[in-house]
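Visitor: Could you build the full structure based on these sequences and the hints that come with them?
There are 2 protein chains.
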Amino acid sequence: MNGAEALIETLQGCGVDVCFANPGTSEMQLVAAIDRQQGMRAVLGLFEGVVTGAADGYGRMADKPAITLLHLGPGLANGLANLHNARKAGSPIINLVGDHATYHLQFDAPLTTDAAGVARPMSDWTRVSRSNRDLAQAGAEAFSVAMGYPGKVATVIAPADHAWTDGAAPVASRTVPAAPHSPRGAISSAANGLKAVNGQKCLFLGGRALRADALHLAGRIAAATGCRLVAETFVARHQRGVGRVSVEKLPYFGEQAEAFLKDFDTIVLCGADAPVSFFAYPGKPSWLSPSGATIINLASKNEDVQAALAELADLLNAPSNPANLQRSCITPAKPGKLDGASLGAIIGELMPENAIVSDEGATQSANVMNMSAGAKPHDWLQLTGGAIGQGLPLAVGAAVACPNRKVIALQADGSGMYTLQALWTMARENLDITTIVLNNGSYAILNIELLRVGVENPGPKALSMLDLKNPSLTWTQISEGMGVPAVRATTTEDFRSALIAALSQKGPRLIEAILE
Amino acid sequence: MNGAEALIETLQGCGVDVCFANPGTSEMQLVAAIDRQQGMRAVLGLFEGVVTGAADGYGRMADKPAITLLHLGPGLANGLANLHNARKAGSPIINLVGDHATYHLQFDAPLTTDAAGVARPMSDWTRVSRSNRDLAQAGAEAFSVAMGYPGKVATVIAPADHAWTDGAAPVASRTVPAAPHSPRGAISSAANGLKAVNGQKCLFLGGRALRADALHLAGRIAAATGCRLVAETFVARHQRGVGRVSVEKLPYFGEQAEAFLKDFDTIVLCGADAPVSFFAYPGKPSWLSPSGATIINLASKNEDVQAALAELADLLNAPSNPANLQRSCITPAKPGKLDGASLGAIIGELMPENAIVSDEGATQSANVMNMSAGAKPHDWLQLTGGAIGQGLPLAVGAAVACPNRKVIALQADGSGMYTLQALWTMARENLDITTIVLNNGSYAILNIELLRVGVENPGPKALSMLDLKNPSLTWTQISEGMGVPAVRATTTEDFRSALIAALSQKGPRLIEAILE
Numbered sequence: 001m002n003g004a005e006a007l008i009e010t011l012q013g014c015g016v017d018v019c020f021a022n023p024g025t026s027e028m029q030l031v032a033a034i035d036r037q038q039g040m041r042a043v044l045g046l047f048e049g050v051v052t053g054a055a056d057g058y059g060r061m062a063d064k065p066a067i068t069l070l071h072l073g074p075g076l077a078n079g080l081a082n083l084h085n086a087r088k089a090g091s092p093i094i095n096l097v098g099d100h101a102t103y104h105l106q107f108d109a110p111l112t113t114d115a116a117g118v119a120r121p122m123s124d125w126t127r128v129s130r131s132n133r134d135l136a137q138a139g140a141e142a143f144s145v146a147m148g149y150p151g152k153v154a155t156v157i158a159p160a161d162h163a164w165t166d167g168a169a170p171v172a173s174r175t176v177p178a179a180p181h182s183p184r185g186a187i188s189s190a191a192n193g194l195k196a197v198n199g200q201k202c203l204f205l206g207g208r209a210l211r212a213d214a215l216h217l218a219g220r221i222a223a224a225t226g227c228r229l230v231a232e233t234f235v236a237r238h239q240r241g242v243g244r245v246s247v248e249k250l251p252y253f254g255e256q257a258e259a260f261l262k263d264f265d266t267i268v269l270c271g272a273d274a275p276v277s278f279f280a281y282p283g284k285p286s287w288l289s290p291s292g293a294t295i296i297n298l299a300s301k302n303e304d305v306q307a308a309l310a311e312l313a314d315l316l317n318a319p320s321n322p323a324n325l326q327r328s329c330i331t332p333a334k335p336g337k338l339d340g341a342s343l344g345a346i347i348g349e350l351m352p353e354n355a356i357v358s359d360e361g362a363t364q365s366a367n368v369m370n371m372s373a374g375a376k377p378h379d380w381l382q383l384t385g386g387a388i389g390q391g392l393p394l395a396v397g398a399a400v401a402c403p404n405r406k407v408i409a410l411q412a413d414g415s416g417m418y419t420l421q422a423l424w425t426m427a428r429e430n431l432d433i434t435t436i437v438l439n440n441g442s443y444a445i446l447n448i449e450l451l452r453v454g455v456e457n458p459g460p461k462a463l464s465m466l467d468l469k470n471p472s473l474t475w476t477q478i479s480e481g482m483g484v485p486a487v488r489a490t491t492t493e494d495f496r497s498a499l500i501a502a503l504s505q506k507g508p509r510l511i512e513a514i515l516e
Numbered sequence: 001m002n003g004a005e006a007l008i009e010t011l012q013g014c015g016v017d018v019c020f021a022n023p024g025t026s027e028m029q030l031v032a033a034i035d036r037q038q039g040m041r042a043v044l045g046l047f048e049g050v051v052t053g054a055a056d057g058y059g060r061m062a063d064k065p066a067i068t069l070l071h072l073g074p075g076l077a078n079g080l081a082n083l084h085n086a087r088k089a090g091s092p093i094i095n096l097v098g099d100h101a102t103y104h105l106q107f108d109a110p111l112t113t114d115a116a117g118v119a120r121p122m123s124d125w126t127r128v129s130r131s132n133r134d135l136a137q138a139g140a141e142a143f144s145v146a147m148g149y150p151g152k153v154a155t156v157i158a159p160a161d162h163a164w165t166d167g168a169a170p171v172a173s174r175t176v177p178a179a180p181h182s183p184r185g186a187i188s189s190a191a192n193g194l195k196a197v198n199g200q201k202c203l204f205l206g207g208r209a210l211r212a213d214a215l216h217l218a219g220r221i222a223a224a225t226g227c228r229l230v231a232e233t234f235v236a237r238h239q240r241g242v243g244r245v246s247v248e249k250l251p252y253f254g255e256q257a258e259a260f261l262k263d264f265d266t267i268v269l270c271g272a273d274a275p276v277s278f279f280a281y282p283g284k285p286s287w288l289s290p291s292g293a294t295i296i297n298l299a300s301k302n303e304d305v306q307a308a309l310a311e312l313a314d315l316l317n318a319p320s321n322p323a324n325l326q327r328s329c330i331t332p333a334k335p336g337k338l339d340g341a342s343l344g345a346i347i348g349e350l351m352p353e354n355a356i357v358s359d360e361g362a363t364q365s366a367n368v369m370n371m372s373a374g375a376k377p378h379d380w381l382q383l384t385g386g387a388i389g390q391g392l393p394l395a396v397g398a399a400v401a402c403p404n405r406k407v408i409a410l411q412a413d414g415s416g417m418y419t420l421q422a423l424w425t426m427a428r429e430n431l432d433i434t435t436i437v438l439n440n441g442s443y444a445i446l447n448i449e450l451l452r453v454g455v456e457n458p459g460p461k462a463l464s465m466l467d468l469k470n471p472s473l474t475w476t477q478i479s480e481g482m483g484v485p486a487v488r489a490t491t492t493e494d495f496r497s498a499l500i501a502a503l504s505q506k507g508p509r510l511i512e513a514i515l516e
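Just so you know, the protein sequences line up as chains C and P, in that order.
Residue numbers are given in UniProt numbering: position 429 of the first sequence equals residue 429, and the series is strictly consecutive.
Residue numbers are given in UniProt numbering: position 236 of the second sequence equals residue 236, and the series is strictly consecutive.
Careful: at least some of the hints might be erroneous.
Heads up, the list lumps identical chains together, so a pair's fine if it works in one copy or across two of them.
[As the list claims (entries may be wrong)] Dumping the calculated DSBU-like pairs for lysine-lysine here, alpha-carbon to alpha-carbon at most 30 Å:
| # | residue 1 | residue 2 |
| --- | --- | --- |
| 1 | 506 | 469 |
| 2 | 64 | 461 |
| 3 | 249 | 337 |
| 4 | 406 | 461 |
| 5 | 249 | 376 |
| 6 | 506 | 461 |
| 7 | 249 | 284 |
| 8 | 506 | 337 |
The set of hints was computed from the structure by calculation and includes no laboratory data.
Guide: Following this line, the structure appears as structure tokens:
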């Protein structure tokens, strides 16, 4: 058995059974090993950003890692941006990065790079295989690291000679470390803070605190204490809709977020860092909480927030019925031209139970999210690291992880262009994804940001750098060119018909929604 | 004047007048500064790999750097693969990478990354600005570094607060360092080697040795000594065609290259490293020259090879007329189904004088290059670093650098998908580029490599990871969706008509050539 076979068998022994791949010559032994491994699914992406973004979507939905198979330093580099997002989301991922045979590196052939150096800035853990026998060991360690709470990005550099040399054997899976508990005293501090007589209080919820079970506990705490429930702005996986505990959402723009937070005297962090401005702006604060507020850390992003919420609910003798249970709420869409609100109303109305929304809707997200709060129960996934080009790949990974759930990709046009190759994978794997491209012909957010950073009277050259017209993109053609049937909608009525049609069939569809 | 304005004015003072851009919020002051700077052209790419690949194409043709404008660590990461290629090509590039304001980094906002860490593996030089006043200084240094022979990738990390803070001023351009000369004795060693009575000899030519003037000198040396002229496999910029000194080309596959080189007793390296195998293969050598051959280093990649060739020609009293002058040679294309040879024959016949070919033709490159050797004089640019997804962006940059020359992008389908967003920039800027997509529905090279690395009897899962069918890509639709008119050609006759039509007009066109 060669090193590649030992590695792949080891990983399958750990429970890994999906590989998102974009291999090259130096990964051919890994390709062959995956080929031979029964039950290991291989999903090809035509660009590495698709591969890593899909692994993120898979990890968020499966709570276990998929493998990515990447071609040396440059292939890994193409996937880094979505690894950055995955890391911020706390997604488990194992990257297998092929490299030149160890003895070949000295010759500085054209593809020679410092693969480990490329990996480190966007990996939680990077390990270079030391031999054909060590490769499986590296894989077993990577699995254990990736499963570290809430999920980590683990990268293994696999030299080609380690992969192809015989004499290796699979190794046993290692213990997955338990999720760390909050520090001693955190639970009672939070209870005392929430029981204080004066002031407005909130739980600030992020990461795993936005799963349904954790939210149920948060709702019970709210029922016990009257505190408000606030979610971080960009969420890895938020389980929402009818019957779930609803939360308020911290706005994106710093001044709005600051205004939202200004009345809170006590902020209890639950799986989230204290809120900060997404970018810095001249003369505006980075820290968004009121200066006099008490900030209590119930559980950090890397601590078991559900366990902490459960202990807190116990300590507070919280009632069994949570506050803020979401009721069904469907708003009729305004007829005529499409806008974010009508889009959101229709999506909220039509979304099937257990749908998964991959939301890279940029300036339209908040509208659609508001309008769909009372939809059937669903999971909502967002861009966690700000590196655009995540939405379509994330949908691919979610659909692979959950083949019996409908995935809706809500995709802004500008960011969609980064990793549009994901459409081809949707077609190839016949993934049950309805992609809704929000075409406003602009990096709309940047036109807003240009003013917010203090640029006055921008000229035509500046505005042209934020503009996607001239020529306008025709997403229906792009989509059909990659094998995904597509239609265009310019009115509420068009869009509603198109969405009904797309949701009624299994398989990929694209709707190009032309927005005002 | 703020730091951004001082930086952009400094760079324009150095002679930089093109910026390939994909900015975000943290680069808005740089956008505004470019907006205000008369004579600084801004070219938007819808993905960073387009931006950096375009800067490479520009650098190869203009012999001076363009700016890239990139959005923090993740935006830079998306551009790394083409920076790797640029670095291997010896292209001058200045990357301007925005970053969070310095005081904002401590808050670990979602886009916080180690931007310098991301830059280093693919940059020759990386510098983080230290203040608003230092930003222009960093830019001046970057220009001087980028202009280092033959061309370097210089990266400046520009924190947003340095860009927006007033009190800065432009700085004077710095001296561009002279190209280093070959070490003492290299010229006479080479002369002695070439004058030896026995054995086969060659000049092994790479980098700047493939420019017309250097090749003329090489041809004179061949006339004086009878040595053969051999070009490295992947060339940054090769000036060829009628009236230029022709060269043989080292084959890509290691065993072919080894067989090609086996008769040489003396190999004189001229702007190239000694030939090595592109990848390692089990049981095959990495080093390709015969073990008994004498290898003489006339000039390394980083030494002035044209000066060295001139001195060598002088020392040899080489005649003024070079050997191997290319004569006009047009081969009729075989009628019927298209293949690489007929494609090459037609391109060779129709290519206008001074055309620039951006060749990412993968398995079809050698065919097309052979068949077009006797075409009108032209420049041929190739993928130098093996990181696929370079061809279309490279064409964009070449067309921006040389608006009066026709650019032909010869693009394999698999690699074309990596950075297909370049088509939109071609349409937007009305660049005079004819893109020929070579559609064979496969990563054809990988099917060959799979066998070459010793994988026997690959199963359907392995083969599916190298396959681009199911669904097949329809490049005409993808292209028109991004605004580039496109036609499909399946026969020699179709292709010839399509190419005549495309070349007769200014502006972007795409021909999807369906290959057997």
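Visitor: List in ascending order the numbers of the hints, as given earlier, that are violated by the structure.
Guide: none
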